[in-house]
Amino acid sequence: MIPQSHFLVLGAALFAIGLYGALTRRTAIGILMSIELILNAANINLITFNKFLGGPDGLGQVFALFVMAIAAASAVIGLVLVIAVYRNMKTIFTENMNIMKW
Amino acid sequence: MVKFAHLIPLFPFAAFAVNILFGRRLKKASALVSIGASVAALAIAVMAYIGNAFGGEGPYTVGRWISFNGFALDFGVIIDPLSCMMLLVVTVVGTLIQVYSIGYMHDDKRYSRFFAYMSLFMGSMLGLLLSDNFVMLYIFWEGVGLCSYLLISFWFERPAAARAGMKAFVTTRIGDTGLLIGIFLLFFTTKTLYFKDLAGLGINDATLTVIALLIFCGAVGKSAQFPLHVWLPDAMEGPTPVSALIHAATMVAAGVYLVARTYGLFLTQHTSLIWVAYIGAITALMAATIAAVNSDIKRILAYSTISQLGFMMLALGVGGYEGGTFHLMTHAFFKALLFLCAGSVIHAVHTQDIFKMGGLLGKMKATGWTFIIGGLAIAGVPPFSGFWSKDEILSEILKGGHPVLFGVAALTSLLTAFYMFRLIFVVLFGKPRSELHAHESPAVMTVPLCILAAFAAFAGFFRPVKFEFFTMGVSIAISLTGIGAAYVFYILDNKLLPASLRSRFAFLYKLVSNKYYVDEIYGALIIRPCMRIADIASGFDSKVVDGAVNMAACLSLTAGKIQSWFDLYIVDGIVNMTANVTWLCSAILRRFQTGFVQNYILIAFFGLAIMIFIKLIGGR
Chain A
1 MIPQSHFLVL
11 GAALFAIGLY
21 GALTRRTAIG
31 ILMSIELILN
41 AANINLITFN
51 KFLGGPDGLG
61 QVFALFVMAI
71 AAASAVIGLV
81 LVIAVYRNMK
91 TIFTENMNIM
101 KW
Chain B
1001 MVKFAHLIPL
1011 FPFAAFAVNI
1021 LFGRRLKKAS
1031 ALVSIGASVA
1041 ALAIAVMAYI
1051 GNAFGGEGPY
1061 TVGRWISFNG
1071 FALDFGVIID
1081 PLSCMMLLVV
1091 TVVGTLIQVY
1101 SIGYMHDDKR
1111 YSRFFAYMSL
1121 FMGSMLGLLL
1131 SDNFVMLYIF
1141 WEGVGLCSYL
1151 LISFWFERPA
1161 AARAGMKAFV
1171 TTRIGDTGLL
1181 IGIFLLFFTT
1191 KTLYFKDLAG
1201 LGINDATLTV
1211 IALLIFCGAV
1221 GKSAQFPLHV
1231 WLPDAMEGPT
1241 PVSALIHAAT
1251 MVAAGVYLVA
1261 RTYGLFLTQH
1271 TSLIWVAYIG
1281 AITALMAATI
1291 AAVNSDIKRI
1301 LAYSTISQLG
1311 FMMLALGVGG
1321 YEGGTFHLMT
1331 HAFFKALLFL
1341 CAGSVIHAVH
1351 TQDIFKMGGL
1361 LGKMKATGWT
1371 FIIGGLAIAG
1381 VPPFSGFWSK
1391 DEILSEILKG
1401 GHPVLFGVAA
1411 LTSLLTAFYM
1421 FRLIFVVLFG
1431 KPRSELHAHE
1441 SPAVMTVPLC
1451 ILAAFAAFAG
1461 FFRPVKFEFF
1471 TMGVSIAISL
1481 TGIGAAYVFY
1491 ILDNKLLPAS
1501 LRSRFAFLYK
1511 LVSNKYYVDE
1521 IYGALIIRPC
1531 MRIADIASGF
1541 DSKVVDGAVN
1551 MAACLSLTAG
1561 KIQSWFDLYI
1571 VDGIVNMTAN
1581 VTWLCSAILR
1591 RFQTGFVQNY
1601 ILIAFFGLAI
1611 MIFIKLIGGR
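Top to bottom, those sequences are chains A and B. Quick note: the first sequence uses our numbering, first residue 1, plus one each step. Quick note: the second sequence uses our numbering, first residue 1001, plus one each step.
In case anyone wonders, no lab produced these hints; they're calculated from the structure. Worth double-checking, as some hints may not be accurate.
Quick list of in silico lysine to any residue cross-link-like pairs, SDA-like style, CA-CA up to 25 Å [said to hold, decoys possible]:
{"#": "1", "chain 1": "A", "residue 1": "K90", "chain 2": "B", "residue 2": "Y1321"}
{"#": "2", "chain 1": "B", "residue 1": "K1615", "chain 2": "A", "residue 2": "S5"}
{"#": "3", "chain 1": "B", "residue 1": "K1196", "chain 2": "B", "residue 2": "Y1321"}
{"#": "4", "chain 1": "B", "residue 1": "K1615", "chain 2": "A", "residue 2": "R26"}
{"#": "5", "chain 1": "A", "residue 1": "K90", "chain 2": "A", "residue 2": "R26"}
Rough simulated footprint, nothing fancy, chain B against chain A, three-plus residues with beta-carbon under 8 Å [as the list claims (entries may be wrong)]:
{"#": "6", "region": "18-24"}
{"#": "7", "region": "85-98"}
Distance windows between CB atoms, simulated [stated by the list, open to error]:
{"#": "8", "chain 1": "A", "residue 1": "N96", "chain 2": "B", "residue 2": "R1591", "range": "16 to 22 Å"}
{"#": "9", "chain 1": "B", "residue 1": "G1595", "chain 2": "A", "residue 2": "F52", "range": "38 to 44 Å"}
{"#": "10", "chain 1": "B", "residue 1": "F1592", "chain 2": "A", "residue 2": "L81", "range": "19 to 25 Å"}
{"#": "11", "chain 1": "B", "residue 1": "I1614", "chain 2": "A", "residue 2": "A75", "range": "31 to 37 Å"}
The C-beta atom is built at its ideal place from N, Cα and C for all residues, glycine as well.
Start from the sequences and build out the full structure, keeping to the hints where you can.
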């Protein structure tokens, strides 16, 4: 049987990759994709802790499904915003989206 | 008894109002308005004259005029032989001169303004004649003075005319001030202002003499008597009809009229009468000598006017009330005639220098002959009007027992005949002395001349003729001598004799031809010191007074500058400092607001990491 720490390492690695991507991607779409990675890291953790800490069966999976649905919705909203920004400003680079800055 | 004499001045005043308000629209019709008003005044004056002479009408009161604090003054009208005679003279002469003005002023650009002033003058003069108290008289007295000023400087574009008007106004004002003080003194000592009370005033003689002399002072200024005669010759800068009406026939006679009107006062004060007589005599002789050497046609007539007014004063001064007022009337006719003739001549030849004229009788028959009639009248040749009045004056002087004054009067008469016929011989006879294109004036000018000539010739018969054979003989002899001398000088031997006399009496000639240096003396004694004082005062004003004002301004400017500096740097500084501090803080804080999404995420992540770390440490 695969020990718990493997899952947690996978989750942490996924989170670290997501965070790195979110911090270094220059495009808004890249950042959105990285955030999806972070959310999936959280899903792995949810399922792992449900399995190994002895909660009711399936609770972690259900929670993960919730997160996926919400992530899809938030991705939709994020993409809509990116498209709207692109139409107005002809760019998807976040450093150029600075009209709200002082 | 119908009381309507107070309406006489209202017609000219109404004409003045119409002409001054609607003159631009009326244009040439403004003359008709003025003349119509004068004719209406003339008609009422004739009625008043008839009413006074045959109906026994006398002075009457129109109504209460001023009433306050125990003082009351009635608006009265005086109707007596003197005022009725003067009313007739003023309206007749005034009407004729206004008719004449239609021709003389026909192309003037202020045509209606001229007639407006003429009407204002007529109204004021008639009001002056009708006044029965000093207050009304003084108002109208200044009214005619104002009109005189306005009309002398009527052509104010010419500096000489403007200066002459000013000189006339200021010089007569000196006399008027005396008159005003006299009126005040009279009121404060006797509490009356009516002419009718003057004969029997029960106060001490010295005060009354002073009052009489002060009133005479006003007459001296208005009638251009020595020493205030200097304005009248300069007043000839005005249009000739004005010279004829105001400065020969009517306004200058107002001084004589004033003395005659207040004669009751003078009669009780012998000293003042002597003054009147001697001032009159000096003026008469002095002006006659100047007239004999002058060469400007209007100035000769002006000096002649001064001389004749002096003659009237002399007559009044020796007690010849009848003769003086009679001469006042005849003089008004013949001197107005002479001035209008002179105006006609000037109109034709466009010069005033008699030595550029000559031989005009052939070209200007009507003007020339009426001029000769006027000359005969003033020279005192029977049966023309001047003879009768002058003869009466001479006999009154003799009767009064003044041999010196009689001598002066006789000499003046001689000079009068001489200068007048010098003028006539030089202007009308002989050969033209320069290129002249003379032509007779239009009928609108010559018809008034003929009517005035008729008055000048026959006005002597307006009152019963008195025969005084001695003085008549003397007077005729004097006149003929004067005329003869002029004939010898200017017709027979017109080159040598005047020149040789001139060189023999060079000093005298220089003195007289410079008008006895009166203007120069006034200039040196009064005008220049006044100017000096004015200069000093102006210097004081511009240096000290203005300096003080400027210093005050300077100080407040400095104070304002300090205050503005305080406001700019201290008050504004505090406000700006508040703003600057806020700005500085925000400048630091906004560094955190980078606008890079990744920065926010990084900060959020590290913040979370730190919180977890603290939780891990502290939660143990």
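How the hints compare with the structure:
1. A:K90 - B:Y1321: 121 Å, violated
2. B:K1615 - A:S5: 22 Å, holds
3. B:K1196 - B:Y1321: 17 Å, holds
4. B:K1615 - A:R26: Measuring from Cα to Cα gives roughly 33 Å; hence the hint is violated.
5. A:K90 - A:R26: 15 Å, holds
6. 18-24: holds (count 4)
7. 85-98: This one holds; 4 residues, not fewer than the three required, reach chain B with a Cβ under 8 Å.
8. A:N96 - B:R1591: 16 to 22 Å: 20 Å, holds
9. B:G1595 - A:F52: 38 to 44 Å: Holds - the Cβ-Cβ distance for B:G1595 and A:F52, about 43 Å, lies within 38 to 44 Å.
10. B:F1592 - A:L81: 19 to 25 Å: 23 Å, holds
11. B:I1614 - A:A75: 31 to 37 Å: 33 Å, holds
Hint violations for this structure: numbers 1 and 4, all remaining hints satisfied.
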